[in-house]
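Build out the structure end to end from the sequences listed, making use of the hints.
Residues per chain are reported as follows:
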Amino acid sequence: MVEKRDLMVIGGGPGGYHAALRAAQLGKQVTLIEQGEIGGACLNEGCIPSKILTHFASEFRKQGHLQKMGMVMGEASIDLAKLKSFREEKIKGLRAGVEGLLRSRGVEVINGTASFLSENRIGIESGHQFSLFEFKQAIVAIGGKMVYPPGISMESPFVLTEREALTMTEIPEGLIVSGHDYVAIEIAAAYAALGSTVTLLMEGRLPFDQSIEREMKRLLKKQKVSVVTEVTIMSVSDDGGVEVDYESSAGTRQVNGTHLVLCGKSEADLSRAGLDRLPLECEGGKIKVDGEGRTSIPGVWAIGDVTPGPGLAIKAIKEGKVAAGAIAGDKGEVDLEWLPAIVQMDPPVACAGWSEEEAENRGYEVVCSEYPFRANGFAGLKEETDGMIKIVSEKGTSLILGIHMIGSGAVELISAGVLGLEMAARAEDFTFPLYPHPSSNEALMEAVEELTGHAVHLQRRRKKAVQ
Amino acid sequence: MEVKLHDIGEGMTEATINAFLVGVGEQVRADQPLVEVQTDKMTAEIPAPANGIIKGFNVKEGDTIRVGETVLIMGSGKASTAAKRASSATAQKTRIMASPFTRKLAREAGIPLEKVRGSGPAGRIMDEDIHSHLQVEPPPQETPVRTEADSIPFRGRRKQIASKMVRSVRTIPHCTHFEEIDVTELLAWKRDVPDVSMGAFFIKALSICLKEFPIFNGRLDEEQECVHLQHAHHIGVAVDTEEGLIVPVIRHVEEKTLKDIQKELKALTNKALNQTLTVKEASGGTFTVSNVGPLGGSIGATPIINEPEVALISFHKTKKRPMVNESDEIVIRSMMNVSMSFDHRVADGGTAVRFTNRLRDFIEKPGILLMEMI
Ligand SMILES: Cc1cc2nc3c(=O)[nH]c(=O)nc-3n(C[C@H](O)[C@H](O)[C@H](O)COP(=O)(O)OP(=O)(O)OC[C@H]3O[C@@H](n4cnc5c(N)ncnc54)[C@H](O)[C@@H]3O)c2cc1C
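Line order of the protein sequences matches chains A and B.
Per our numbering, the very first residue in the first sequence carries number 1; after that it's consecutive.
Per our numbering, the very first residue in the second sequence carries number 1001; after that it's consecutive.
Keep in mind that the hints were calculated from the coordinates and are not lab data.
Nothing here was measured: the structure is a model prediction, and the numbers come from that model.
Any given hint could be a false lead.
In silico negatives: residues of chain B with every beta carbon more than 12 Å from chain A [as the list claims (entries may be wrong)]:
{"#": "1", "residue": "Lys1060"}
{"#": "2", "residue": "Leu1187"}
{"#": "3", "residue": "Asp1192"}
{"#": "4", "residue": "Glu1281"}
{"#": "5", "residue": "Arg1333"}
Listed below are the simulated DMTMM-like cross-link pairs for lysine to aspartate or glutamate, each with C-alpha atoms no more than 25 Å apart in a straight line [claimed, not checked]:
{"#": "6", "chain 1": "B", "residue 1": "Lys1093", "chain 2": "A", "residue 2": "Glu422"}
{"#": "7", "chain 1": "B", "residue 1": "Lys1004", "chain 2": "B", "residue 2": "Glu1036"}
{"#": "8", "chain 1": "B", "residue 1": "Lys1190", "chain 2": "B", "residue 2": "Glu1372"}
{"#": "9", "chain 1": "A", "residue 1": "Lys331", "chain 2": "B", "residue 2": "Glu1128"}
We treat Cβ as the ideally placed atom computed from N, Cα and C, and that holds for glycine.
In structure tokens form, the structure reads like this:
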């Protein structure tokens, strides 16, 4: 017997559950199918556990400062078993929260593995039960699968994936992290803060504005992370530890450690939900969609890591809401131009908009300013003076084109930057409003003031006043 | 590394270069679109096979080239600073000055922001600019490009339509038969369902006829000496555009409701008119319909089969005419002519007449269609 449904969402990760909730809010009857745990990679293995680790590491680093201010505490040590139960409890709590929301919105949740049988039919396998559904609309939100560089045995107990690295039971003595994006940097910085000797091997350059990249490298070095960029790994051998041969611009080198962490790249696996049987148009192995999530098959939509673009929950969430809106008759759009890029190291990195180089390549004549957190009073009293803010703007119009920061509070502060970029703000739009004092917010305001050399708290101007 | 024109659709052999999307010296990422080309069916983009820099072009905009010919040369690695500067001089500024709320207004009104002139500070697009853009008349259609005195280009899509037509008529023994159909009742029926067009009704009715006469949804395979009777009804709809004839395809009509067909028909026609059809949307048809009625005028013509299909049907203009009814009275009825061309190697006149008779029954008594609905 075939059961009929209006809207079926396949996958309960951040993309899928946001889509389900938004569609339900807009009056749709929604069925959500999840084969594992609600929350997907983000809640169970990715964003949340990684942020528990990075938060733990940066709080651990703060002790010196707290004691200096007069907080009396014993000698701090690390209990990873306790961190583990903390993490599990938090994740369980968050997941229960999402499940409660789905229930309260009347979303039907089916536990099982979905697979497309035709352009409007899905089979769901749950244990030894198989049920058949016919849908009017379906949103594919099955996420991606991680792919690791070939030729390295993942069997070794000393070679870990990025997800395994988040839940280690001991602080590794010598950690080698190999990757290509923020995930690798976060893991490297966190374990360095917790006491490991860390080597970070990055596939390309650090993907940020050059001034930020320079500052990141400096701070990572200060935290005893040796960073090597544009690396190709030649071979890995393990014998009670790991030995990695790699090539970079400096030539062929070797590095030894107790563990190697490999950070994968997210690719779509269309065989997973039987999607390879449908005549779906794809792009670079992922499902091609329009600005609202429509695929080439009418009634079939796709969102999140299974579609082209960066594998980020930020993107999956936005796409989920837009697709649900479009199904309910709204006109929406996913525009990733001002997608913020975040690295939760200590201090964190947060950027939105174009780097200086990118803006120039797009034909803009640019004016930039740099403002160090050292000049911000509030950062000074917290002893969080590392880092800086860089503003990229158009000469003559002072249109803001990029905001890049590394420094304490950057992740929260970037929201003001993203909003400004979306509003097509010019310098005055940032310097006119009132800013809370004392606060790190003032650093953003003064960074923009510094475009004309008017930052009050900068002793020595870095650039002459320009207009 | 040479980037070549590859086969992007069913059996295409050549394409015209519409526009370059990158400049010489520009750094490109893998999969970034480099060049827009036009085939006889659609516009497509050629993506970069890898990261690299554009070294130079081997073709000019407007050139027609064959599959396998080199379009441009790419080098590996990063662009030098000199090249970057050169490219930045030609790079387009892309920042649109409008807030998210204003962008939403434009989106809902279906206005591309690039077309709106901003009246706000520094050319910022304001809500009022969207409102006033809606009130002015849509821009006049561009006049066709003239080359020399009184000549129009015979290349690109036009030329490809021509060679396809010639091939079709040369290989397929065309036979056309005509029929007239009384659409008075269908017009009355349609008043109750204003959302469904006559076109969508014809397509659904045809699909039901194709189920009964699968030969017309077949494909002749001379080598294997057989006709493959295809189960899927992928029905092509001939759309007359500025640039010539394009045939987007509604897939699996046999599984779709009238409402679905109507929705897709509308979307695909719009895409054909805006030249935004994808390869998939304009290929793989199994039977073609041409609805010339709305253009007026024509009472009959010999449609040329969209090979390798077996048949094609044209619906002509509906006119009120005096007809004689069963009681020998003269009554005014709305009559429409149809012409059906079929491959005489595959089917005979009798089968074609039975096919259009069945179609006529559905159109003359729309209620019968109900009996056949899944
Ligand atoms: C270590 C790490 C850290 C990260 N940190 C961040 C961060 O800080 N910020 C950020 O924005 N992003 C981060 N990400 C990325 C983020 O986790 C993903 O981009 C996000 O989870 C993608 O969401 P999704 O909904 O597309 O897919 P997923 O979260 O992968 O969810 C897909 C779901 O579909 C289910 N599923 C798959 N196939 C089927 C089927 N056939 N039937 C039923 N169910 C099925 C799966 O079980 C899964 O639950 C991180 C990732 C990792 C690995």
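Q | Numbers of unmet hints, in rising order | A | Hint check: 4 fails alone, others pass.
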